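Protein chains in written order, with numbering that gives the first Met the number 0: chain A, 0 to 184; chain B, 0 to 184; chain C, 0 to 184; chain D, 0 to 184.
It should be emphasised that the hints constitute simulated quantities derived from the structure, not laboratory data. Note that the structure is predicted; figures quoted are calculated from it, not measured. Be aware that one or more of the hints could be misleading.
Pairs involving identical chains hold if they fit within one copy or between any two copies, as the list cannot separate such chains.
What the hints assert, rightly or not - Derived lysine to any residue pairs resembling SDA-like cross-links, with alpha carbons at most 25 Å apart:
1. K69 / H109
2. K69 / G133
3. K69 / T107
4. K69 / N156
5. K69 / D134
6. K69 / H135
7. K69 / G34
8. K69 / L155
9. K69 / N100
10. K69 / I113
11. K69 / L175
12. K69 / Y2
13. K69 / T160
4 protein chains.
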Amino acid sequence: MDYDIMVLNGGSSSGKTGIARCMQSILPQPWLVLGVDTFLQLLPARIQGDPDGIQFLSSGEIRIGSQYRKVHAAWRQGVAAMARAGARILLDDVFLRSVANQRQWQITLHGLHILWVGVHCEAAIAEGRELARGDHMIGMARIQTALVHHDVHYDLNVDTTHTEALACAQQIAAILNNSPTLATP
Amino acid sequence: MDYDIMVLNGGSSSGKTGIARCMQSILPQPWLVLGVDTFLQLLPARIQGDPDGIQFLSSGEIRIGSQYRKVHAAWRQGVAAMARAGARILLDDVFLRSVANQRQWQITLHGLHILWVGVHCEAAIAEGRELARGDHMIGMARIQTALVHHDVHYDLNVDTTHTEALACAQQIAAILNNSPTLATP
Amino acid sequence: MDYDIMVLNGGSSSGKTGIARCMQSILPQPWLVLGVDTFLQLLPARIQGDPDGIQFLSSGEIRIGSQYRKVHAAWRQGVAAMARAGARILLDDVFLRSVANQRQWQITLHGLHILWVGVHCEAAIAEGRELARGDHMIGMARIQTALVHHDVHYDLNVDTTHTEALACAQQIAAILNNSPTLATP
Amino acid sequence: MDYDIMVLNGGSSSGKTGIARCMQSILPQPWLVLGVDTFLQLLPARIQGDPDGIQFLSSGEIRIGSQYRKVHAAWRQGVAAMARAGARILLDDVFLRSVANQRQWQITLHGLHILWVGVHCEAAIAEGRELARGDHMIGMARIQTALVHHDVHYDLNVDTTHTEALACAQQIAAILNNSPTLATP
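Chain A extracted, bound-state conformation (with noise of 0.2 Å):
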């Protein structure tokens, strides 16, 4: 089966970055990493902290406005363009509205190949590698383990916990159709 766009969803610390990452490096056509990341440094500063932007509350919680929602909304479109356009996209979200952002993204992917992976992660083990990052906000990787996940449907699911995100990433690769000429990293 060749795909057009893989979708890797997990909570904060999970490891859909570095799994990303391997991706790139083990298949042998260009991937483009496009995350959550990506899109909050298109914003403008102002917007983070702003009710109608996005709060990143001390708790971990983030809290969405109007605002971010129409700016993301035109966002998917973009993303679904490249794939339609021909860029094989891994994509790097976090559902912070679990099935219902699983149901955005199936609208305007329509009529492409997606890969569904969910990125698991027990909390513990998010919560320490979140520290390891030395980062100052702290809380997010224990709120978003499990309610990234509520009732999304999956074609496969990895998990970090005890699997690097290289193994991850082959586990992932081994179901594409191209999988027999895989670069070995």
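Dock chains B, C and D against the given chain A, drawing on the hints supplied.
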């Protein structure tokens, strides 16, 4: 006049990104900054240095291969789709092939209201700012200064040689139809 | 005159780091840039926001507690020891308590040849450059502009309001005794 | 036993920095993380690629010249002085010349209580984590894995192959005399 997308073209260290960030700050609506740096981050690491990808030569010259071109064409479609879906876009680009790149964007952005802005800076000043960044790669500012503007048509030109990024941003903002409602920075 | 250490004091967004990077580029010997940003990276993440540590208030004000002060005193001893061991140091600092900070450094750096450089920039220009960085934290430039220079003695003053970082670096380099051998950038 | 400095030695991508950041989080007192990455940021950009400076070869090998060595000796004196002035130091290092580097630090840190920690990771796992970072430079993990530990004496060894950074940090913290008062992360 209401614009969907503003294209800021200029050489490395000419000050495009600083202007774009100031625009985001002074314009009342959220504008997304998308640039060549955004695009480079999406690509597999191995594409840098690959003849089919993108090569940054020690002379400051940049060489682009077929694989890079294909993926960039898809990226352009994505940018256009975001604008068509209602996101306001500040495109921060370096037209290494000058008017040929402008034509590519004109085709891709067909039907959208585009403001073409040339961002100029004297070569010696751009080179000094390149040193001030402390990057390991030196030489792009000098090579790109004149090259990227050759035969390119602009609606507006700004020059950062003696003008601050914020003042350039205000010059650009002044010709948008919503300028009377500009927030004071 | 041969200096062991050059201290560049100026408010946030006044251009100290750009000048220091240019100095590194034009001076024939290797100089080390050490600054307040270097120091902040060494600290535990939790020290930011802690009353005993360092607090960046939304007003742009910075508050410093006892734990931060103790660790910073040890940091100053480290910087002095590097200089005494033969490393040439470009110290990029923000004297939040102006002349009191200068006295601390004078004591710590006792016996070393110090060049004191005041880095000035008009508040409105520094504020514009703060916007151009696109940081989430705004307001430090305005507050610090005059504050950090109060009663501080300098051997040399530079002003980035209308002068590029490289030109300021050249003004500073001109008074070093090895200036005849300056590499052309 | 109370330590002034903990030296974490391990190859690239072995997980030293993650352990150090976790140590900062779980230890009640502020510890400063100083590492080879901190040092590299202080240097003039041109020192990278210079035979007298430091060269990162495409094979993953690193070559160090006389100028780099002189400046690094001054850096070591600075680190020692910070520790003597009361700062607790987590030194994150890569002993490219293994026991010869340990002897340099032993001389410089004379009289201080040092905890020597070997940070190990199987080469294949470290290589996978190198890919997961998405850096352009690949190969250092493989070359350095065994090399940096040759004949080096440790008080404690940790292995990140199957153990998380936080768990390794807890193993190290357990042998500090203040471990009963460890904050729970």
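Notebook entry, point to check: Which earlier hints can't be squared with this structure?
Noted result: Those not satisfied are hints 4, 8, 13.
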